[in-house]
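J.: Residues per chain, in single letters:
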Amino acid sequence: MRVLRAAGQVLFVVILVVIAREMYLNATFAIGSAGRELSYTYLDSRAGFAIKEHIVGYSSNQPLYKAFLVGATNAMLVGAAGIVMATVLGVLIGVARLSPNWMVRKIALVYVEVFRNTPLLVQVIFWYVAVILAIPRIEDSVSVFGLAFVSNRGAALPAIRSGADFGTWSLFALAALLVAAIVWRWRTRVHERTGGPHYRWLSSLAVMAVLAAAGYVIVGDAFKVELPELIAHGYSGGLQMSPEFAGILVALVFYTAAFIGEIVRGSILAVSKGQKEAAQALGLSPGQQLRLVVLPQAMRTAIPPINNQYLNLWKNTSLAFAVGFPDLINISTTMVNQAGHALETFSLVVGTYLGTSLLISFGMNIVNRAVALRGGTA
Amino acid sequence: MSGAGPKGPRLGLGLSEDVDLLRFEQQAREAEAAPGPAPATPGEWIRQNLFSGPVNALLTLASGTFVLFVAYQILSFVFVSAQWEVVQVGMRGYMIGGFPVDEAWRVWASAYLVIVLAGLSYGVSARGLRPSAGQAAVGAVVVAVAGAIVFFTAQTALVRALTAGVAPAVFAGALVGRLLGRKILKPLVVAWVLVFPAIMIVVRGFDGVPPSEWEGFFFNIIAATVGIVASFPLGLLLALGRRSELPAVRVASVGFIELFRGVPLVAWLIFSKFVVDLVLPPQMVIPDIVKAFVAMTFFSAAYVGEIVRGGLQGVPAGQYEAARALGLSTTRMMALIVLPQALRSTIPAMISHFISLFKDTSLFVAIEVTDLLAAARRSASSLQYFGRDMETLLFAGLIFWVVAFSMSRWSQRLEVRLGVGRR
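Chains as they are written, first to last, in the numbering used here: chain A, 8 to 385; chain B, 106 to 528.
Chain B extracted, bound-state conformation (with noise of 0.2 Å):
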């Protein structure tokens, strides 16, 4: 590892710029946030943003037709034309699938694990991490929103209980959070780290249910979960190894790396379920679900790699010349003072791939699996729902937006707390 030339020679493609789009964002953020002089009066505020000349009254009234078209479209489908029993009696099927229904309590558990972590964590963290009213009220009606919808279209009493049961245990994990305070941050992290093998633990184990059952959106959540563990490591390494001196390793890197990237995810996951067996030997048998996982892994792997790199080439030659000047090993000083800066300058552009990574998971319908996306399709395919196409497309697209958007805000309010770019 050559301290002094943190660029490194430009091998590869080009085909790399992510960093920089979320770079932009932020800039656009902090020039929103420049503020201007408030105008005095609502009539006033009218007069400034809405009418402030000809062509802009005309833009007002053009675009206000506009929105008052989309959102009468859309209430007199939703509360008129729309025949929600389809999204009602396919409830099950579009959060877990074909998951026995014996074993959903399996379901049920991981998913209340997530929920209360997620609960202490909010409570714990502190108020710069915390959302502004503003925000907090937008979210609370999303959730609200999303959480009647699954309220009023559960079947059983149970699943109606269960569901109802999230706001309370939420606000209750917030509360004992606040009670305890930074004291359990510790533990907390390392229960983060714990609660996915825990949860495999609690699908797969005591006669579990295998992968090739695990479908719905509980199928989404799971690969976005495994793609992420798995490719951040790999993605580190590649990233380390693209500005290795070695001229070996940073071949292959940069091979692996462009090999990956340049090809559509969907195209590695017919790869890997129809090419893969065959250059496998013989006598090793692996799962599609498995291989399919490991194609998505090496694919976000690729793109993990840049964006490390991206980060690594922020990090100024200084520090590596004031690690070498305090004799710490090439090791030590990528472990302790280089990847420690990179990483934090390269969250925004982490949780947006992340996100795009959780989005792709509806992609594994390409190879057969029943997704969130596939199970909507499927009902509305039934026979008796025939043609309930955009009910169950409006659901699904919801719920995948749900998740996709608050994990944007989430990761915008991390920016401003740890004052990326900025330090």
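This is chain A alone, in the form it adopts within the complex (with noise of 0.2 Å):
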């Protein structure tokens, strides 16, 4: 029998190494009889095309590798910004779908049955085409008492830029961040020793801003503000936002969030009765209760599945080629349009995908270890 079981695993692992070697060759000779070879030297070449946004440095001559990078970089900002705010409004309809007010309980619930019943590029399509292109024409741009504008080319919202001395001044921040650690730990301590208020989140953050400040102060030329401008048929200047950036940012926000509000909401209700009870008794206030009570207990069962939504986010980000959005999708399927190279290109938006959807899985395993039940001690 166990010799059975070797001989089949051994015919098993044959078979896959026969197929794998089979589709090499197959690749191989396909790509050489295209006259080209199969191999990743290309993407030393010029690339040739523009991208309109970039948070790396690029441009039309610089090599393919760049950008690729720019369409990576471009997808990981969505999801980075979308899994921020996408948690915290998850977590506002969660609560309000336990609310003890009535409408405010049916207006979640509507939320989450419309915008998880729907396909997400429905709503990517919807929010960029039916909403943000229908916003005032550049020439009409809404100001914000001149500090941001909004129109349907995007958004320019004021930008903190480092200033000539902005190296000086971090190690102002750095000493005021140690600092602040120093008062927490030693408020903690004597909130630990006489039972009095511990003010350890005002009183440190308030020594830190205290000596950022002075940092500031000290230094100079730390940061400067920029604000934007309006110019000819666009905005020069600050922190800009294109639709198709807010278009998929938006619809993944409003998505993802139907989702984590129903996980929030079921973490909630998991949280035994008795807990709620208790702090009642305690004599907490409703936002007490909430905030020091149930919600860290509840963060616990909540942490595996919204690890999930993080996941299918960062996977949704792939839909911004609906609304062209320069995501990894979008420039990889330009690349190969212009250079050709099918295979190599694409393997390497498989691997991109896999290795972020680890990256993100690594950090919320490190995250619920932190906040799991330790046996006895918590």
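Source of the hints: derived by calculation from the structure; they are not laboratory data.
Keep in mind that this is a model prediction, so the values were computed, not measured.
We put the CB at the ideal spot given by N, CA and C, even for glycine.
Hints are not guaranteed to be accurate.
Stated by the list, open to error - To be clear about the criterion: a stretch of chain B counts as covered by chain A if any three or more of its residues have a C-beta under 8 Å from a C-beta of chain A, and this derived list gives those stretches: (1) 166 to 174; (2) 345 to 356; (3) 452 to 465; (4) 505 to 517.
To be verified - Reference excerpt, derived from the structure (chain B facing chain A, CB under 10 Å, subset only): (5) Gly148; (6) Trp150; (7) Val160; (8) Gly367; (9) Leu370; (10) Val371; (11) Ile375; (12) Met495; (13) Leu498; (14) Gly502.
To be verified - Computed Cβ-Cβ distance ranges for the label pairs, DEER-style: (15) Arg298(A) to Phe174(B): 27 to 37 Å; (16) Ser317(B) to Ser177(A): 58 to 68 Å; (17) Leu116(A) to Met305(B): 37 to 47 Å; (18) Arg43(A) to Ile220(B): 47 to 57 Å.
Put the complex together from the two separate chains, hints included.
T.: Now the structure itself:
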């Protein structure tokens, strides 16, 4: 029996290897007969196409791998911003689903049922075409006290840019962080010894702010605030957000928040009733009950499924193709159209998504371990 | 298959906790079902639920204003500023796209096949599976609205008659089902199994229509069905493979699952169109749409595999041991004892996954398939109806929503009926 199993496994592996080899040979043959070769060296050749938005420097004269990098970082920017915003909105929705207020409860319910049961692609296109492109044109740009502008060419917000002496200031900032941590520990100790209020958030943040501000005054040119300006048919300076970016981001946030909201609601309900009653008996206000007793415990059960939603959100950034935002899929399709090498390019895409999904899981596992029940001591 | 250790070694990247979400939802519903003290009068109810304190009153006022604002916006758009002509003209395109008009009877025949079967099943189903009066009312309103839209946008009298005929067909089916009762349960199950092959024959057979011409909402339905039907057995195999005690099988299953789950479906669809041909033997020519269906099936199977694994982990070790003690072989133990229990507990997660698969069929636009959404967008870019995106998108969204929402409600009832997680 044992021999049979071993033989079966060997056979299984051999079949897999043979199939893989066959595929590789087919690919090299097909690519070879087209007069090319299977290699990644093409990534060093000139890209030759422009990309409208990039957070790493890019021009069409730069090599293809740079273009790929632009796509990856663009997608990651959407993913990171989306994860943060969807979490905030999702927790709000989850709490609203359990509000004692009937009206709030029902609004949250309708929200969840609408956004959860419609394809994300419909929502992406809806936000982009029907909402964002429908807001005032650039000529009638909405100005928020001259600090920020909104139009269908995108939004421009004031940006904070590092000044000439930013490096020196960052030393002050580091010191401020260190002192704040010491203050935090001191307040915690005091609280543990005397049982008095700890004010550790307040005091450590205040210390940090004061030190950082002092550093700013001493150093001088640490930051400057750059205000956006309205120029002909566009904005200059400031932090600019294109309509495409806004469309995919808003859609991802609203869609994912509906799922996160349901997870949060479920985990809050999974916290045993006695916990809330005990908090009530201690005289905590409803807000305190939620913040100090219920939510921290709910977080424990919520983290694994929320991790899944983060992964989904990250994978769903690929829907940016529908609005023409230069994400990984968009750029790599352009690359294949311009330079060929479909197999190599798309294998890179698969590798990148797989690697980043793994990273997110890894990060969430650390968070999960940090909040998990520790036997006895917690 | 090691019976004693249902947990198995934790291989893989830990990308998988889908089942949890459903468990929470279920707990949530149970907790909500717990009856509280009922308020005596409507006035009392309003005070308790809307104005129990200053904060609450403020919330009510703010959210009430918000609701009025949104309702006003929606109603004024739907009844005043929207021009629904674009939907009326585009209706056939939305439903079947470029499917040859002369062959449209094939789609109608398939639709009626499913509708009558659904009616019969509804009539036969036990009381617990039937919706409550309130749910039925909501469902009836939704269906009536959708029906009215299709009815009024239908361009020919024949289409109008066929649309109007849906309601009597369901009703007749339900009546017959009620009369015959549970006697036809087994034939009904067989019919459901055979309905997909039957539709394939109706659509493709007798000089039928090739898959490349399946478009519109018809495509979404077919693609979702193919994905569900094909990925379920494959996912089952993957789940069993992942828990196999043969390392080679286990590693291969984990690799397959994590690879296909870790990358978005859009990427796989594009991959199937541009790359797969390169690694296949040159003499092997597969239509793009078939390759895309295979890609979707692999993607979905990875999820199904994880869901089934969750179910398998929930089967107590004692069940394995008892089956062993009875002298069952591994195959019989899995088929008769373990899988039935594991699969029942995964029904909610499975349906939820199939709903997302249905929604994801809109992604085929990435490889230039004209599904419902693509047809809707196209109709808003024609010269005559340029810029009527809001109308077309709302309509396409509504159709997707009706299907997805009713599937999720049905799954909730099924869950209650089967007592998932309570036995």
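J.: All hints are to be evaluated individually against the structure, with a verdict given for each.
T.: Taking the hints in turn, this is what the structure says about them:
Proximity of the segment 166 to 174 of chain B to chain A, defined as three or more residues with a beta carbon under 8 Å from a beta carbon of that chain, is established by the 4 residues found. With a threshold of 8 Å between beta carbons, the proposed coverage of the segment 345 to 356 of chain B by chain A holds, since 4 of its residues qualify and at least three are required. Restraint check on the segment 452 to 465 of chain B versus chain A: 3 residues with Cβ-Cβ distances below 8 Å, three needed, restraint holds. Beta-carbon proximity to chain A at under 8 Å applies to 5 residues in the segment 505 to 517 of chain B; the threshold of 3 is reached and the given coverage holds.
Interface restraint check: Gly148(B) against chain A, minimum CB-CB distance 14 Å, threshold 10 Å, status violated. The interface hint given for Trp150(B) holds, since its Cβ lies 8 Å from the closest Cβ of chain A, which is under the 10 Å cut-off. The criterion of a C-beta within 10 Å of any C-beta in chain A is met by Val160(B), whose closest approach is roughly 9 Å, and the hint holds. Interface hint status for Gly367(B): upheld, as the beta-carbon distance to the closest one in chain A is roughly 4 Å, under 10 Å.
About 8 Å separates the beta-carbon of Leu370(B) from the nearest beta-carbon of chain A, less than 10 Å, and the hint is met. At about 4 Å, the closest approach between the beta carbon of Val371(B) and any beta carbon in chain A falls short of 10 Å, and the interface hint on this residue holds. Look at Ile375(B): its Cβ gets to within about 7 Å of chain A, closer than 10 Å, so that hint holds up. Proximity of Met495(B) to chain A holds as hinted, the smallest CB-CB distance being about 5 Å (cut-off 10 Å).
The beta carbon of Leu498(B) is positioned within 10 Å of a beta carbon in chain A (closest approach about 5 Å), and the interface hint is therefore held. A hinted interface residue such as Gly502(B) counts as satisfied when its beta carbon comes closer than 10 Å to some beta carbon of chain A; here the least separation is about 5 Å, so the hint holds. Evaluation of the 27 to 37 Å hint for Arg298(A) and Phe174(B) yields a pass: the beta carbon distance comes to about 30 Å. A hinted range of 58 to 68 Å for the beta carbons of Ser317(B) and Ser177(A) is consistent with their spacing of about 60 Å.
The given range of 37 to 47 Å is respected by Leu116(A) and Met305(B), whose C-beta atoms sit roughly 39 Å from each other. Restraint check, Arg43(A) to Ile220(B): a C-beta distance of roughly 53 Å satisfies the suggested window 47 to 57 Å.
Checked against the numbered hints given earlier, the structure breaks only hint 5 and satisfies all the rest.
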